[in-house]
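K.L.:
Using the sequences and the hints given, assemble the complete structure.
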Amino acid sequence: MGLTFSRIEGHSRNFKILLVLFAAFTMIGFICFMVSYISGHHVLGSSSIIPWGMPITITIYLIGLSAGSLILSSLTYVFGKEEYRPISRMAVFLAIILIFGAMIGIALDLGRPEKSWRLFMFFVLNNMRSMFAVNGILYGGYFLIGIVYLGAIFAEKYKFIKMMGMIAVFWAALVHMGTGAIFGFIATRPIYFSPIKPFEFLAAAMVSGLALLMIVIVAVFKFTKKRLNQEIIFSLSRLLLLFIIVLTVMVLVDKLTHLYSPDREPILWLLTGPYSWVFWGLQVGLAYFLPIVILSHPKSGKTLKGVMVAAFSVVIGIFGERFALVIPGTAYPLPFYPGKIEGIWGAAGSFPITPIESFMSLGIFTLMGLFFLLGLKNLELLPVDEEGE
Amino acid sequence: MDSEVGSIASELQKHKGDKMPRWGMVIDLDKCVGCQACTIACKAENNVPHGSPEEQRLRREIYWNKVIAVTNGKYPQVHTQLIPMPCMHCDQAPCVTVCPAKATYRRGDGIIVQDFRRCIGCKYCIVACPYGARSFNSKEQEKKEYHRNDLPPDRSVWGLWPFPTRTHGVVEKCTFCFHRIDQGIREGKKIGVDVVPACIEDCPTGARIFGDLDDTRSEVSSLLASRDWIRLREELDTKSKVYYLLK
Chain A
161 MGLTFSRIEG
171 HSRNFKILLV
181 LFAAFTMIGF
191 ICFMVSYISG
201 HHVLGSSSII
211 PWGMPITITI
221 YLIGLSAGSL
231 ILSSLTYVFG
241 KEEYRPISRM
251 AVFLAIILIF
261 GAMIGIALDL
271 GRPEKSWRLF
281 MFFVLNNMRS
291 MFAVNGILYG
301 GYFLIGIVYL
311 GAIFAEKYKF
321 IKMMGMIAVF
331 WAALVHMGTG
341 AIFGFIATRP
351 IYFSPIKPFE
361 FLAAAMVSGL
371 ALLMIVIVAV
381 FKFTKKRLNQ
391 EIIFSLSRLL
401 LLFIIVLTVM
411 VLVDKLTHLY
421 SPDREPILWL
431 LTGPYSWVFW
441 GLQVGLAYFL
451 PIVILSHPKS
461 GKTLKGVMVA
471 AFSVVIGIFG
481 ERFALVIPGT
491 AYPLPFYPGK
501 IEGIWGAAGS
511 FPITPIESFM
521 SLGIFTLMGL
531 FFLLGLKNLE
541 LLPVDEEGE
Chain B
121 MDSEVGSIAS
131 ELQKHKGDKM
141 PRWGMVIDLD
151 KCVGCQACTI
161 ACKAENNVPH
171 GSPEEQRLRR
181 EIYWNKVIAV
191 TNGKYPQVHT
201 QLIPMPCMHC
211 DQAPCVTVCP
221 AKATYRRGDG
231 IIVQDFRRCI
241 GCKYCIVACP
251 YGARSFNSKE
261 QEKKEYHRND
271 LPPDRSVWGL
281 WPFPTRTHGV
291 VEKCTFCFHR
301 IDQGIREGKK
311 IGVDVVPACI
321 EDCPTGARIF
331 GDLDDTRSEV
341 SSLLASRDWI
351 RLREELDTKS
361 KVYYLLK
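These protein sequence lines are chains A and B, in that order. Positions in the first sequence are counted from 1; adding 160 to them yields this note's numbering. Positions in the second sequence are counted from 1; adding 120 to them yields this note's numbering.
The set of hints was computed from the structure by calculation and includes no laboratory data. Among the clues, some could well be false.
Mimicking DSS-like on lysine-lysine, the simulated pairs with C-alpha atoms at most 25 Å apart in a straight line are [what the hints assert, rightly or not]:
hint, chain 1, residue 1, chain 2, residue 2
1, A, Lys275, B, Lys259
2, A, Lys176, A, Lys385
3, A, Lys500, B, Lys367
4, B, Lys151, A, Lys500
P.N.:
Laid out in structure tokens, this is it:
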């Protein structure tokens, strides 16, 4: 194959500054977590009406990024598309870091994180009818499979890599569909309840994972001053456009189903209520509309700058999509009894953005950034330029 | 914990012969005046912390029982219905299905209980509950109010309370005052007559009635047979055990 990989030196000034910065924010995040753990979740934005806040939003976002990233690595190792080989190691490594970040996110959201081991007592202490418990198997297995897969890639055992790649792709799809099922199976919440949610989540995973991977590739190659074959990015961008269209169709079908009478109040509230700016602005605007326009435009879709803008727009927009699901989904008041329910019991929940929660959330990202930098320094993830440096 | 539940269950069986009771509540909407005595009685009995107005506004105050007011019509033709809402103790409880840690489960007598020692605080049950019956305890409570062993459920009077320490970071809900019921059964008292949950004991108009839904001689059965009743959110088919008698 003739392609060799190397680690980066990590002596440059920028690298060290970035490392210190990430470490500092991770520490701040950890302190914020300890505050919320010791004094209770009242320092966060969540309440009894919006039980899931920012950490869960970030978790499903990260799981999406991870699953998408891992599935893309299979282009090389399972489907034998050689042109993607330079980036596929990084894709697998990124997937492992992202799922780790997602599991941290879940732990931060738990009221009693010291009991999170209970999530992994499958069939013994767990209620396996709970989608949460089922997802425990999926996430844990995914993490292990990812590590074995990466190990096999480093050891260059090609037959084994192909087998692991196939398992990993299958498992990654399951992971994301399982995550969608956590929301889609809840009949109580009209905005969550939908049989298409698992597939929608899978499509969103592919879209956001691909976009993030493109950004990371371009950024890493730029910072390390390596030459990147731009054709890789352009072919990925065509794939991204396809996935965005698939996702848009799925979301459209989901929302139209809910909009169809009767029982249309919740979805109308989502589309016109206090969270409509997240839905229209971030989800529809940034995740679907803008990237579709940019990528299908004959000019801007063919420049690296245009593709990068589209990728950034997708990565932010899909975060908006997660937010527009998790928060309004529970904020909509439950219809206990026909009529107007007076007072707090009939009012939609509000989700205040608190500094503790924001820094805690930032901490998840910087922790992953820290691991990624250390990975670049200690693992052979980046391809060596063929012409020599 | 499990053996404890088992021993209670076997005692219940001894008491009732072969058949387990199926505890349920009937609330007469014609009699309810919306005084919130049930809410306060519940807080006092179960040591549920009070919240500040700010916490109430943000929906962080813990309620095991609430009274909602539902308005229909336009002035001057307005009708406001007061509806007290404890946990519905559904026979097909969504919260039990989604709990990953078996922290919430259905006892043999149909009461859905929450084990604080198992609860990991994932809040999935709050998401799944159609009645908003569950509250997340999001604050370390003041010691004097919360951790007193002499307050009910008092272990010296009621026997062993299954959850000796309360803590923030878990989900709480109505228990139908099962500590009273279990104690009453041990003492051979008649449940629903001599021993009732705290909200029923304190109701000034006698709007709430408690008893065995499977026992044809109980008051709840005769009321349900003679009056029109509804259950909330019947469309979800949760088979709730709290019935409302219509006006």
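K.L.:
Which numbered hints turn out to be false for this structure?
P.N.:
Hint check: nothing fails, all pass.
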